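Novice: Chain by chain, the residues run as shown.
Protein chains: 2
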Amino acid sequence: MRFTDKLNKMIEKNNSLLCVGLDVDTKKIPPHLLKKEDGLFTFNKKIIDVTTDLVCCYKINMAFYESLGQKGVELLTKTMEYIPREIPVILDGKRGDIGNTAEHYAYEVFDLYKADATTVNPYMGLDSIKPFLNYRDKCIFILCRTSNPSAVDFQNLLVGEKKTPLYEIVAGKIREWNEKKNCGAVAGATYPEDLKKIRFIIGDDVPLLIPGVGKQGGNLEKSVKYGVNSEGKNAIINSSRSILYANNSEEFAFFSRKAAEALKDEINKYR
Amino acid sequence: MRFTDKLNKMIEKNNSLLCVGLDVDTKKIPPHLLKKEDGLFTFNKKIIDVTTDLVCCYKINMAFYESLGQKGVELLTKTMEYIPREIPVILDGKRGDIGNTAEHYAYEVFDLYKADATTVNPYMGLDSIKPFLNYRDKCIFILCRTSNPSAVDFQNLLVGEKKTPLYEIVAGKIREWNEKKNCGAVAGATYPEDLKKIRFIIGDDVPLLIPGVGKQGGNLEKSVKYGVNSEGKNAIINSSRSILYANNSEEFAFFSRKAAEALKDEINKYR
Numbered sequence: 077m078r079f080t081d082k083l084n085k086m087i088e089k090n091n092s093l094l095c096v097g098l099d100v101d102t103k104k105i106p107p108h109l110l111k112k113e114d115g116l117f118t119f120n121k122k123i124i125d126v127t128t129d130l131v132c133c134y135k136i137n138m139a140f141y142e143s144l145g146q147k148g149v150e151l152l153t154k155t156m157e158y159i160p161r162e163i164p165v166i167l168d169g170k171r172g173d174i175g176n177t178a179e180h181y182a183y184e185v186f187d188l189y190k191a192d193a194t195t196v197n198p199y200m201g202l203d204s205i206k207p208f209l210n211y212r213d214k215c216i217f218i219l220c221r222t223s224n225p226s227a228v229d230f231q232n233l234l235v236g237e238k239k240t241p242l243y244e245i246v247a248g249k250i251r252e253w254n255e256k257k258n259c260g261a262v263a264g265a266t267y268p269e270d271l272k273k274i275r276f277i278i279g280d281d282v283p284l285l286i287p288g289v290g291k292q293g294g295n296l297e298k299s300v301k302y303g304v305n306s307e308g309k310n311a312i313i314n315s316s317r318s319i320l321y322a323n324n325s326e327e328f329a330f331f332s333r334k335a336a337e338a339l340k341d342e343i344n345k346y347r
Numbered sequence: 077m078r079f080t081d082k083l084n085k086m087i088e089k090n091n092s093l094l095c096v097g098l099d100v101d102t103k104k105i106p107p108h109l110l111k112k113e114d115g116l117f118t119f120n121k122k123i124i125d126v127t128t129d130l131v132c133c134y135k136i137n138m139a140f141y142e143s144l145g146q147k148g149v150e151l152l153t154k155t156m157e158y159i160p161r162e163i164p165v166i167l168d169g170k171r172g173d174i175g176n177t178a179e180h181y182a183y184e185v186f187d188l189y190k191a192d193a194t195t196v197n198p199y200m201g202l203d204s205i206k207p208f209l210n211y212r213d214k215c216i217f218i219l220c221r222t223s224n225p226s227a228v229d230f231q232n233l234l235v236g237e238k239k240t241p242l243y244e245i246v247a248g249k250i251r252e253w254n255e256k257k258n259c260g261a262v263a264g265a266t267y268p269e270d271l272k273k274i275r276f277i278i279g280d281d282v283p284l285l286i287p288g289v290g291k292q293g294g295n296l297e298k299s300v301k302y303g304v305n306s307e308g309k310n311a312i313i314n315s316s317r318s319i320l321y322a323n324n325s326e327e328f329a330f331f332s333r334k335a336a337e338a339l340k341d342e343i344n345k346y347r
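So the sequence lines, in the order shown, correspond to chains A and B.
For the first sequence, position 47 (counting from the first letter as 1) is numbered 123 according to the working numbering, and the numbering increases by one without interruption.
For the second sequence, position 220 (counting from the first letter as 1) is numbered 296 according to the working numbering, and the numbering increases by one without interruption.
There may be inaccurate statements among the hints.
The list treats identical chains as interchangeable, and a pair is accepted whether it falls inside one copy or across any two copies.
Below, simulated EDC-like cross-link-like pairs (lysine to aspartate or glutamate); rule was C-alpha separation at most 16 Å, straight line [unchecked claim]: (1) K103 with E179; (2) K345 with E269; (3) K309 with D81.
Calculated directly from the structure, the hints in this document are not laboratory data.
Since we're looking at a predicted model, the values are computed, not measured.
From just these sequences and the hints, can you work out the full model?
Specialist: Rendered as structure tokens:
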């Protein structure tokens, strides 16, 4: 099944655009879990258990797993296996390298870890992204307008006679590269007006991954309104820290669910 | 010791600007090694054994290791430990993410694997690079002008009134961000005229990592001439496939040494 079909099926089933980012961090999980041998996996399991009926997908940022070495590979593998198959998973690595090397990254996310989607960095151009695009049923979210303050350093530079911001050029390229209908774009909630332009340039078909609500302070109302396509779909609102670390007692999962539920409902208010 | 000191010490000791890229690939190593349990590590060991007196540093592209899962982490750890301490190692990951996440990537390359340097992608701007720059004695090679054909997609876009190519803007930023004297830049051998401009913009202090000779067909003479600083140093000419896979018989290491020696000598001809 194509990613967008799988995604929009979950959007309908759970009536949700919410994506929970499983960015498990030893410095932030409830302290009682640190004493357990499998504390990080227990944390992920509990977060997944209390959110499966609230999300349209999960996102896993590879940095949090890779930095744990061997244990991280095991944790990532077990977490991927634990997530119910019907819920799509975005393995967020923001990779980008020359073709020969990018093939290995694509193999890693799609064949080794069996993710449904991934994120890639556009700076090196099309041939660095092609090995990912060869996976027809997956979705490749290309960084367009990221949510961090320094995004403006390069992404807002004005290009050419028409003084087009770089991120708009990238959005145009994503539309052009979407021949196999498996491209997505990353557009941060912290720049909602830019998000609006990206949706306009990119059309209805391309799903947008929208990080930056919650801790990063993005505007939720505008992000939802501008992010969705004309059917109120194809937008994924990601939140990680605000949900995962809502509370650090033994009842953390209860509070994470509350936070996820509240965000899901607020998102739906604006759809 | 600072990276550039360590690097230039090896440049002098081995009279070499050559960097061997240890991009071990199960599809390309000599077939007799595939039968061995520890074949990939044996391959790396032999390549290292025959090149320690020919290189100024090694580069390890993380994609080739990560895509092997658990085994890759083990192989990377063992390979890092096997390389003599005096030879600097660049762990090539081309990472880039929001600050909170980039901290984990920086921890991975510098604390977990104890690399001397890494590569990062500039698209997300300064705050995505800062967590790396906090490691004063390491070197952070920022992608500027990459060696692949599609590099032109974005890196050559003309920015602002002065119509400055994006990669030159990035070069200027690298110079600006080099407060701790621990920035480097990646500039491909396949665009030697651009390399020349980058060295001019970036000054003498910043080491350049120059991939793209060998299989990618970059111009060696120009890359060396334009890449080095006024003392004939601070340039690293990387070659991976042409050296590693020079031959796939049981005597592969002999041929790899020959290829490395020939490239080292040719580089020195142009210094």
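Novice: For each hint, tell me whether it holds in the structure or not.
Specialist: Going down the list of hints, with the structure as the test:
1. K103 with E179: So K103 and E179 pass the 16 Å test across copies only (12 Å; inside, 33 Å).
2. K345 with E269: neither (19 Å within a copy, 55 Å between copies)
3. K309 with D81: Within one copy, since 11 Å is at most 16 Å while 54 Å is not.
Comparing the model with each numbered hint stated earlier shows that hint 2 is the single one that does not hold.
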